[in-house]
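Here is how the chains run, residue by residue.
There are 2 protein chains.
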Amino acid sequence: MILTTAEENYLKAIYHLSDEGKKSVSTNDIAAEMKTKPASVSDMLRKLGEKSVIEYRKYYGVHITEEGKKLALQTIRKHRLWEVFLVEKLNFAWDEVHEVAEELEHIQSPLLIQRLDAYLNFPKFDPHGDPIPDEYGDVRSRPRIQLNEMEIDQSGQIAAVKDSSAAFLRYLDKVGAYIGARIKVLDKVEFDGSLEILVDQKKTLFMSKDVASNILVLQS
Amino acid sequence: MILTTAEENYLKAIYHLSDEGKKSVSTNDIAAEMKTKPASVSDMLRKLGEKSVIEYRKYYGVHITEEGKKLALQTIRKHRLWEVFLVEKLNFAWDEVHEVAEELEHIQSPLLIQRLDAYLNFPKFDPHGDPIPDEYGDVRSRPRIQLNEMEIDQSGQIAAVKDSSAAFLRYLDKVGAYIGARIKVLDKVEFDGSLEILVDQKKTLFMSKDVASNILVLQS
DNA sequence: TTATTTTTTTAGCCTTATCTAATTTCGTAA
DNA sequence: TTACGAAATTAGATAAGGCTAAAAAAATAA
Chain C
1 MILTTAEENY
11 LKAIYHLSDE
21 GKKSVSTNDI
31 AAEMKTKPAS
41 VSDMLRKLGE
51 KSVIEYRKYY
61 GVHITEEGKK
71 LALQTIRKHR
81 LWEVFLVEKL
91 NFAWDEVHEV
101 AEELEHIQSP
111 LLIQRLDAYL
121 NFPKFDPHGD
131 PIPDEYGDVR
141 SRPRIQLNEM
151 EIDQSGQIAA
161 VKDSSAAFLR
171 YLDKVGAYIG
181 ARIKVLDKVE
191 FDGSLEILVD
201 QKKTLFMSKD
211 VASNILVLQS
Chain V
1 MILTTAEENY
11 LKAIYHLSDE
21 GKKSVSTNDI
31 AAEMKTKPAS
41 VSDMLRKLGE
51 KSVIEYRKYY
61 GVHITEEGKK
71 LALQTIRKHR
81 LWEVFLVEKL
91 NFAWDEVHEV
101 AEELEHIQSP
111 LLIQRLDAYL
121 NFPKFDPHGD
131 PIPDEYGDVR
141 SRPRIQLNEM
151 EIDQSGQIAA
161 VKDSSAAFLR
171 YLDKVGAYIG
181 ARIKVLDKVE
191 FDGSLEILVD
201 QKKTLFMSKD
211 VASNILVLQS
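So the sequence lines, in the order shown, correspond to chains C and V. In terms of the UniProt record's numbering, the first sequence opens at residue 1 and continues consecutively. In terms of the UniProt record's numbering, the second sequence opens at residue 1 and continues consecutively.
Watch out, some of these pointers could steer you wrong.
As the list claims (entries may be wrong) - Under 10 Å between C-beta atoms, here's a sample of chain V residues computed to sit facing chain C:
hint: 1; residue: Glu103
hint: 2; residue: His106
hint: 3; residue: Tyr119
None of these hints come from the bench; they were simulated from the model. Just so you know, even glycine gets a beta-carbon here, dropped at the ideal spot from N, CA and C.
Given these sequences and hints, build the entire structure.
Here it is in structure tokens:
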């Protein structure tokens with residue numbers, strides 16, 4: 001099954017929205033995610049339904065099929081491999097890579113991706129800590145917990161971020177909270193849920209509950 | 001001036017066709033080069049004319065403008081840099097890179113190209129020996145001569161090929177005539193113009209005039 | 001259960017890039 | 001200088017992707 005660039009983007013959005021534990025994904029949600037109008041989404045859902053990458057019942061939202069999941073994971077794999085390339089080889093900052101990867105992920109060449117994967121030494125996670133699916137769509141994901149849910153004295157490593165907006169990533173960079181940083185919860189304020197964190201055994205950092213809830217930690 | 005992918009491809013074709021010393025490029029020539037129909041070309045020429053990247057007088061063919069030349073050279077720069085990347089970093093064979101580079105050249109990110117250029121160490125020629133324009137569209141091209149026009153005992157380096165079809169490139173690979181190979185004309189057959197060539201001071205090679213005319217040599 | 005609001009879809013139009021078929025223009029040969 | 005063939009352009013379709021406005025269906029409230 002070959003998809004156009006637009007179809008790939010819709011499918012990826014549907015995959016991500018499905019991931020959030022919902023039974024079915026609504027037209028409006030997809031429109032919001034894709035920054036288009038619901039009318040355009042309806043049209044595209046009909047097309048994706050015909051191609052059997054989603055199950056589409058009018059007025060009742062969509063489910064992604066196994067076939068669709070596989071295709072979405074291929075696109076995600078390409079996106080994340082390119083992000084690794086941009087950061088590790090071309091010295092992009094991790095908050096600058098998303099837009100470009102969004103274009104690069106649509107290049108059609110299985111050989112290119114195979115070679116890129118090998119060249120990057122078969123990375124398992126992208127610069128934001130998200131897992132890179134393998135050729136078959138399998139993902140090795142580590143169990144992760146939101147930083148705001150950790151208890152005092154627990155420690156771990158920053159594994160990923162939930163909000164990967166440029167603004168948030170820049171903030172994290174500024175305070176030295178990179179992916180892989182070792183952290184320990186020194187204190188939690190009952191009142192507002194804000195936290196005091198020790199980063200890499202040297203810097204302490206105050207963080208609102210809001211910020212902490214967007215940071216995923218691999219506990220240790 | 002921002003061009004769509006299709007417009008970029010047309011402009012590149014017009015640039016290449018202009019390069020062959022013609023005063024103006026015809027609709028039919030462009031259609032042949034782009035593998036589309038003349039009717040599609042007429043339409044596109046109107047659009048490119050409106051964007052002032054070509055000068056278009058109906059029924060009289062087109063001239064590329066300075067603005068158009070600059071844009072075409074930017075696209076060519078991107079194409080050739082990606083080719084270098086694919087061959088040098090991802091171990092593609094030089095006859096496998098064209099299609100993929102054709103897609104990669106349309107990625108829109110000046111920063112990406114700057115970084116890629118630096119990462120590749122500012123290469124001046126692509127794997128086929130064609131010069132890579134700089135950011136401003138300047139090309140350092142070396143004077144080159146067709147191999148079939150060289151005299152007995154003259155020597156030089158293979159600098160580029162005129163026909164870069166996969167079949168021809170594979171043939172060259174097989175006989176060990178890579179870009180940069182040092183060659184010397186040992187003999188020329190008057191009758192059919194075929195040549196006997198010494199490659200890298202060790203291998204001798206017989207070559208028809210036809211093949212030789214597709215190889216460009218930097219004389220020394 | 002009916003009425004209202006929200007969500008989704010349909011209908012109809014736009015743009016880009018392509019095509020075929022018909023028409024127009026050019027250049028040249030008679 | 002006219003007539004003809006080649007080259008180029010226009011006209012009218014199609015397909016993808018997006019839009020607005022209107023209609024229909026579903027969900028919610030009274």
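Tested hints:
| no. | hint | verdict |
| --- | --- | --- |
| 1 | Glu103 | holds, 5 Å |
| 2 | His106 | holds, 8 Å |
| 3 | Tyr119 | holds, 6 Å |
Checked against the numbered hints listed earlier, the structure breaks none of them; every hint is satisfied.
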